[in-house]
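Asks: Just so you know, the protein sequences line up as chains V and X, in that order.
Numbering of the first sequence is given in my numbering, commencing with residue 152 and proceeding in unit increments.
Numbering of the second sequence is given in my numbering, commencing with residue 4 and proceeding in unit increments.
Read the hints as simulated data drawn from the structure, not as lab findings.
One or more of the hints may lead you astray.
[Unchecked claim] As a list, the in silico PhoX-like pairs of lysine-lysine whose alpha-carbon atoms are at most 20 Å apart: (1) X:K63 / V:K211; (2) X:K51 / V:K211; (3) X:K51 / V:K336; (4) V:K296 / X:K73; (5) X:K63 / V:K184; (6) X:K51 / V:K217; (7) X:K51 / V:K286; (8) V:K296 / X:K63; (9) X:K6 / V:K184; (10) V:K158 / V:K211; (11) V:K278 / X:K6.
[Stated by the list, open to error] Per the computed footprint, the stretches of chain V lying under chain X, defined by three or more beta-carbons under 8 Å from a beta-carbon of chain X, are: (12) 200-210; (13) 232-245; (14) 300-309.
[To be verified] Here are some chain V residues the structure puts well away from chain X; computed CB gaps all over 12 Å: (15) K158; (16) E173; (17) E177; (18) N181; (19) T189; (20) G219; (21) K226; (22) F227; (23) P229; (24) S283; (25) L284; (26) P292; (27) E293; (28) D314; (29) Q340; (30) N342.
Here the structure is a predicted model, which is why all the values come from computation and not from measurement.
Every residue gets a Cβ at the ideal spot worked out from N, C-alpha and C, and that includes glycine.
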Amino acid sequence: MNSQKTKLDDSQLVGQYINGNEVAFEELVNRHKSRIFTTIYMIVKDQYVAEDLMQEVFIKSIRTLKSGRYNEEGKFLPWILRIAHNLAIDKFRKNKRYPTIVMDDGNSVFETLEFAEGTFEDAQMKKDVHKSLRKLIAELPEAQKQVLIMRHYMDMSFKEISDQTGVSINTALGRMRYALINLRKKMQQYNIAYDQNFYS
Amino acid sequence: MTKIFTHDDLIRYVYEETEPEENRQIELALSEDMELLEQYHELLWLRKQMDGGMMSPSEKTINTILEYSKAVNLHPVKE
């Protein structure tokens, strides 16, 4: 039995997966599922569409990895986040003419946010804050939202964002600045736990 | 003399995109400029809130992905 106490990095796990180790793939999925899923959700704003797209992203990734077409030079997370982003944007554009319905009941069933120890009320309030925050991010102007998602959720550098979006690094930074300022303002406006010590 | 830093510099710092020498200078500025420190704490707080807002897909979706991976076999022929 191969019990490894040292945590393998993504590149090692990808290597093992390509060689047929499904456990390595499971580790990769569990390691990055939240970041990938949140990135998709932030774009499509619909829990059920995001679940479907999550599967599509991984199906595409699995087929690329297993057919030997994966470029070893890139890093796994930015690569799969790029796939997620592109698929989500395609979906968002196709569905734009239809109203987006996000079911509150669905959210409560599917969201599995980890809560710190505390009362049920604390956990519920924290969950509400996070839900409101996602809604506010979704309402940001498109250019600001794009940079915020790429920098915060996709973990791309401002240089990479600049390359990808065709704007200067300063413009990308400026959009991020406005995104954060707008978020802060909206949180104050809607009184969303604007207490810096609230959840610290 | 302490260098003047902008909000954009702080964003780069919070997202760990600044160079070590720049970090040293920003940290010095943070120790002397209360307004900058306040902006920094606000950025950290926002970042923490956004991290806390991470979502997870359903277990069903994850199981479907893992089952698909096990079922599909496209391994290229090794030399």
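Asks: Indicate, hint by hint, whether the structure satisfies it.
Replies: Consistency of the hints with the structure:
Restraint check for K63 of chain X and K211 of chain V: satisfied, since their Cα atoms lie roughly 18 Å apart, inside the 20 Å limit. Proposed proximity of K51 of chain X and K211 of chain V is contradicted: the alpha carbons are some 31 Å apart, above 20 Å. Annotation: proposed proximity of K51 of chain X to K336 of chain V holds, straight-line Cα distance about 17 Å (limit 20 Å). Restraint check for K296 of chain V and K73 of chain X: not satisfied, since their Cα atoms lie roughly 36 Å apart, outside the 20 Å limit.
Between K63 of chain X and K184 of chain V the CA atoms are separated by roughly 13 Å; this keeps the pair inside 20 Å, and the hint holds. A hinted pair counts as satisfied when its Cα atoms are at most 20 Å apart, and K51 of chain X with K217 of chain V does not qualify at roughly 36 Å. Using a Cα cut-off of 20 Å, the hinted pair K51 of chain X and K286 of chain V holds, with the two alpha carbons roughly 16 Å apart. Our distance criterion of 20 Å between C-alpha atoms is broken by K296 of chain V and K63 of chain X, whose separation comes to about 29 Å.
Under the criterion of a C-alpha separation no larger than 20 Å, the hint pairing K6 of chain X with K184 of chain V is inconsistent with the structure, at around 41 Å. Taken as a hint, the K158 of chain V and K211 of chain V pair is broken in the structure, with Cα atoms around 26 Å apart against an allowance of 20 Å. A hinted pair counts as satisfied when its Cα atoms are at most 20 Å apart, and K278 of chain V with K6 of chain X does not qualify at roughly 40 Å. For the region 200-210 of chain V, the stated coverage by chain X holds: 6 residues have a C-beta nearer than 8 Å to a C-beta of that chain, and at least 3 were required.
Only when three residues or more bring their CB closer than 8 Å to a CB of chain X does the claim for the region 232-245 of chain V stand; here the count is 0, and the claim is violated. Counting residues of the region 300-309 of chain V whose beta carbon lies closer than 8 Å to any beta carbon of chain X gives 5, which reaches the threshold of three, so the coverage claim holds. For K158 of chain V, the condition that its CB be more than 12 Å from all CB atoms of chain X holds, with the nearest at approximately 20 Å. Not every beta carbon of chain X lies more than 12 Å from that of E173 of chain V, the smallest distance being close to 6 Å; the non-interface claim is violated.
A beta-carbon of chain X is positioned within 12 Å of the beta-carbon of E177 of chain V; the least distance is around 6 Å. With a minimum CB-CB distance of about 8 Å to chain X, N181 of chain V fails to clear the 12 Å threshold, and the non-interface call is violated. T189 of chain V, annotated as away from the interface, has a beta carbon of chain X within 12 Å; the closest lies near 5 Å. For G219 of chain V, the condition that its CB be more than 12 Å from all CB atoms of chain X is violated, with the nearest at approximately 4 Å.
Annotated as non-interface, K226 of chain V keeps its C-beta farther than 12 Å from every C-beta of chain X; the closest such distance is 16 Å. With 12 Å as the threshold on Cβ separation, the claim that F227 of chain V sits away from chain X holds: the shortest Cβ distance comes to roughly 14 Å. Listed as outside the interface, P229 of chain V is consistent with that label: its C-beta sits roughly 15 Å from the nearest C-beta of chain X, beyond the 12 Å cut-off. Listed as outside the interface, S283 of chain V is inconsistent with that label: its C-beta sits roughly 9 Å from the nearest C-beta of chain X, within the 12 Å cut-off.
A beta-carbon of chain X comes within 12 Å of the beta-carbon of L284 of chain V; the shortest separation is about 5 Å. At the 12 Å boundary, the C-beta of P292 of chain V stays outside the reach of chain X, the nearest C-beta of that chain being 17 Å off. The claim that E293 of chain V is not at the interface with chain X holds, since no C-beta of that chain comes within 12 Å of its own (minimum 18 Å). No beta-carbon of chain X comes within 12 Å of the beta-carbon of D314 of chain V; the shortest separation is about 14 Å.
For Q340 of chain V, the condition that its CB be more than 12 Å from all CB atoms of chain X holds, with the nearest at approximately 15 Å. Separation of N342 of chain V from chain X is adequate, the least Cβ-Cβ distance of about 14 Å exceeding the 12 Å criterion.
The structure fails to meet hints 2, 4, 6, 8, 9, 10, 11, 13, 16, 17, 18, 19, 20, 24, 25 from the earlier list, while all remaining hints are met.
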